[in-house]
Amino acid sequence: MAATRLKRARSADTATDRVYQGIYQAIVEHRLAPGLRLREEELAESFGVSRTVVRQALQRLAADQVIELQHNRGAQVPQPDLAQAASVFAARQVVECEIARQLAGRLTPAQLAALRALVIAEAEALQRGDHATAVRLSGQFHRELAALGGNPVFLRWIDELLPITSLLIMLYQRHGHPGCVAHRHEDLVEALASGPPARAAAEMRRHLQELARSLAQTPAAAALRDVFASYREPAATAR
1 MAATRLKRAR
11 SADTATDRVY
21 QGIYQAIVEH
31 RLAPGLRLRE
41 EELAESFGVS
51 RTVVRQALQR
61 LAADQVIELQ
71 HNRGAQVPQP
81 DLAQAASVFA
91 ARQVVECEIA
101 RQLAGRLTPA
111 QLAALRALVI
121 AEAEALQRGD
131 HATAVRLSGQ
141 FHRELAALGG
151 NPVFLRWIDE
161 LLPITSLLIM
171 LYQRHGHPGC
181 VAHRHEDLVE
191 ALASGPPARA
201 AAEMRRHLQE
211 LARSLAQTPA
221 AAALRDVFAS
231 YREPAATAR
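Counting from 1, position 6 in the sequence shown corresponds to residue 6 in the numbering used here; the numbering is continuous, with no gaps.
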């Protein structure tokens with residue numbers, strides 16, 4: 001009996017993690033529009049899970065400041081105003097310039113190769129017009145730098161800042177401007193490889209400032225069932 005309960009608890013945790021990651025990635029990849037209501041019933045159907053699992057995931061996302069959970073109004077994707085952009089990018093500069101400074105000249109050949117592979121994959125996605133993949137890889141690049149830095153607090157802050165950055169880009173980025181420009185990531189890797197901490201920090205600052213300056217405009221969304229198709233249980237997909 002105890003083993004059965006433990007098995008169910010682990011299964012629920014896995015399902016909750018899947019819903020959490022699905023919503024988190026959908027926000028980061030620009031597949032959920034700012035201000036979109038996240039209805040439990042619709043999410044449960046989209047993921048093929050119970051509303052209890054969805055509720056648990058939404059509570060975790062709200063605790064991590066990825067979504068907003070309002071009394072009597074439910075959950076929704078945040079809709080940051082342009083005034084918040086200055087604070088978000090100022091915070092990212094403080095954290096990520098320090099990460100770059102600490103990593104400069106200290107990365108192994110294998111770590112640099114992994115970062116270069118991410119940059120190449122991002123550039124290829126942009127070339128073929130696969131915007132969602134390019135955005136995901138761009139966020140992965142910045143998160144990987146934070147992970148390599150080895151500071152769990154910095155990593156947690158980056159995890160909180162990436163979704164709101166994506167929402168700001170979705171809402172306000174000038175038409176035709178790619179999110180994170182791949183060649184800037186190339187320059188960053190080279191600055192990290194060559195060593196001087198001040199140069200690596202300056203390259204990160206230049207990159208984030210360029211991203212902040214690109215903000216100014218608006219876009220659209222998709223049905224939740226389509227957005228989360230890859231996260232759905234096989235049995236639910238067959239329905």
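Everything labelled a hint here was simulated from the structure, so no lab data went into it. All C-beta atoms, glycine included, are put in the ideal place defined by N, C-alpha and C. Treat the hints with care, since some could be wrong.
Claimed, not checked - Cβ-Cβ distance ranges computed for the label pairs, FRET-style:
#1 Ser50 to His71: 21 to 27 Å
#2 Arg116 to His71: 21 to 27 Å
#3 Gln140 to Gln84: 30 to 36 Å
#4 Arg205 to Asn72: 41 to 47 Å
#5 Ala91 to Glu186: 20 to 26 Å
#6 Gly195 to Arg37: 47 to 53 Å
#7 Arg143 to Ala90: 33 to 39 Å
Exercise for the section: Evaluate the given range 47 to 53 Å for the C-beta pair formed by glycine 195 and arginine 37. Expected result: 49 Å, holds
Problem - arginine 205 paired with asparagine 72, Cβ distance criterion 41 to 47 Å - result: 43 Å, holds
Practice task
Confirm or reject the claim that arginine 143 and alanine 90 have a C-beta distance inside 33 to 39 Å.
Solution key: Since arginine 143 and alanine 90 have Cβ atoms about 19 Å apart, the given range 33 to 39 Å is violated.
Practice task
Please test the hint of 20 to 26 Å on the beta carbon pair from alanine 91 and glutamate 186.
Solution key: 25 Å, holds
Exercise for the section: Given the range 21 to 27 Å, decide if the beta-carbon distance of serine 50 to histidine 71 lies inside it. Expected result: 22 Å, holds
Exercise for the section: Mind checking the hinted window 30 to 36 Å against the Cβ distance between glutamine 140 and glutamine 84? Expected result: 23 Å, violated
Practice task
For arginine 116 and histidine 71, compare the CB-CB distance with the range 21 to 27 Å and indicate the outcome.
Solution key: With Cβ atoms ~47 Å apart, the hint is violated.
The structure shown violates the earlier hints numbered 2, 3, 7.
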